[in-house]
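Quick mapping for you: the protein sequence lines, in order, are chains A and B.
Following the numbering used here, the numbering of the first sequence begins with 5 at its first residue and continues without gaps.
Following the numbering used here, the numbering of the second sequence begins with 109 at its first residue and continues without gaps.
These aren't lab readings, by the way, just hints derived from the structure by calculation.
As the structure is a prediction and not an experimental result, all values here were calculated from the model.
Fair warning: there could be bad hints in the mix.
Pair by pair, the computed Cβ-Cβ distance ranges are [said to hold, decoys possible]: (1) A:Gly-5 - B:Ser-135: 46 to 54 Å; (2) A:Gln-49 - B:Ile-120: 25 to 33 Å; (3) A:Ala-33 - B:Gln-162: 17 to 25 Å; (4) B:Thr-128 - A:Asp-21: 41 to 49 Å.
Derived coverage of chain A by chain B (criterion: at least 3 residues anywhere in the stretch with Cβ under 8 Å from a Cβ of chain B; other residues may be distant) [unchecked claim]: (5) 49 to 57; (6) 76 to 85; (7) 98 to 112.
Calculated pairs, SDA-like style, for lysine to any residue (alpha carbon to alpha carbon, straight line, at most 20 Å) [said to hold, decoys possible]: (8) A:Lys-61 - B:Thr-209; (9) A:Lys-46 - B:Ser-130; (10) B:Lys-165 - A:Glu-6; (11) A:Lys-26 - B:Gly-150; (12) A:Lys-46 - B:Pro-147; (13) A:Lys-41 - B:Gln-149; (14) B:Lys-165 - A:Asn-7; (15) A:Lys-46 - B:Lys-165; (16) A:Lys-46 - B:Gly-148.
Glycine included, each C-beta is placed from N, C-alpha and C at the ideal position.
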Amino acid sequence: GENVEQHPSTLSVQEGDSAVIKCTYSDSASNYFPWYKQELGKGPQLIIDIRSNVGEKKDQRIAVTLNKTAKHFSLHITETQPEDSAVYFCASFNYGQNFVFGPGTRLSVLP
Amino acid sequence: KAGVTQTPRYLIKTRGQQVTLSCSPISGHRSVSWYQQTPGQGLQFLFEYFSETQRNKGNFPGRFSGRQFSNSRSEMNVSTLELGDSALYLCASSPGLDTDTQYFGPGTRLTVL
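Next up, chain B with everything else stripped away, as it sits in the complex:
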């Protein structure tokens, strides 16, 4: 069974731009979570989606948003990029609601210049 895939793997943007990242979960998984990973802050939870509904949200500004489609694929968007948004953005999928086991994708490395 294929793992979690994320596209693109690398992105370079400039301040003020916006960016959209994509995540395809493991086949059959319905829950998708997004994380931001930086050397200083570690792995921080952004949001979780299940059946196209945002179920949980971390402590990030409204510039960070996401959505989930009917096929469980998910996208996250960051508007008005700031230098501090440079990070590895990770997507994780799990089988369903309140299912604890999560599997991560390889991440998207975003660099903001």
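Okay, chain A solo, but in the shape it has when bound:
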């Protein structure tokens, strides 16, 4: 079955710097890749997603890139702010299958 790896497991950055989180997946048939942000005591919140027919997508300070050949995708957060501190999960999905999540990255933005 599908396997999703995520790195790093923890990441600390200074406020204003950029943060990059990388995920790799194993099933070449996977075609949808969302990113979720989970704050303490809350459920995961969808922050950005990308489909397999797109190489890059951007939403203000957040961007996601997808390399289908290498089977990896990345989350980029620019100009980080303290409120970006949370756990971030990547996931992969193929129609007819269920979502498979990465183990998560704990991002700390230091003021």
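Chain A is fixed; fit chain B onto it per the hints.
Chain B only, in chain A's frame:
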């Protein structure tokens, strides 16, 4: 539009008991999925329901079961609770079959003593 709601938010049970958790999806959404989240195993898929039918099931024992009602609300049940069942149980809804975008509720924190 209201988001996904889950009740109760917190539960404390003892080993051997059973528990029922409830999820109300976003209005108009017909697909509901359940996940178990633990520090050691991360987010693991339990099952997915669409139009009152279980469409997909994860690798969990038969003690874990669920159902969906005609109004798309869903419940999951865990019987004969074990200490290892302590987790955050998350419900996610999506508009329909083979619709990829999922939205999560706040979860139910289950503690088994």
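Here's how the hints hold up against the structure:
1. A:Gly-5 - B:Ser-135: 46 to 54 Å: violated (33 Å)
2. A:Gln-49 - B:Ile-120: 25 to 33 Å: holds (26 Å)
3. A:Ala-33 - B:Gln-162: 17 to 25 Å: holds (22 Å)
4. B:Thr-128 - A:Asp-21: 41 to 49 Å: 46 Å Cβ-Cβ, so the 41 to 49 Å window holds.
5. 49 to 57: holds (count 4)
6. 76 to 85: Result for this restraint: violated, n = 0.
7. 98 to 112: holds (count 10)
8. A:Lys-61 - B:Thr-209: The given pair, whose Cα atoms are some 16 Å apart, holds under the 20 Å limit.
9. A:Lys-46 - B:Ser-130: holds (17 Å)
10. B:Lys-165 - A:Glu-6: holds (15 Å)
11. A:Lys-26 - B:Gly-150: The hint holds at about 17 Å.
12. A:Lys-46 - B:Pro-147: OK: Lys-46 (chain A) and Pro-147 (chain B) at ~15 Å, within 20 Å.
13. A:Lys-41 - B:Gln-149: Since the Cα atoms of Lys-41 (chain A) and Gln-149 (chain B) sit roughly 18 Å apart, the hinted pair holds (cutoff 20 Å).
14. B:Lys-165 - A:Asn-7: holds (17 Å)
15. A:Lys-46 - B:Lys-165: Violated, because 24 Å separates the two Cα atoms, which is more than 20 Å.
16. A:Lys-46 - B:Gly-148: holds (18 Å)
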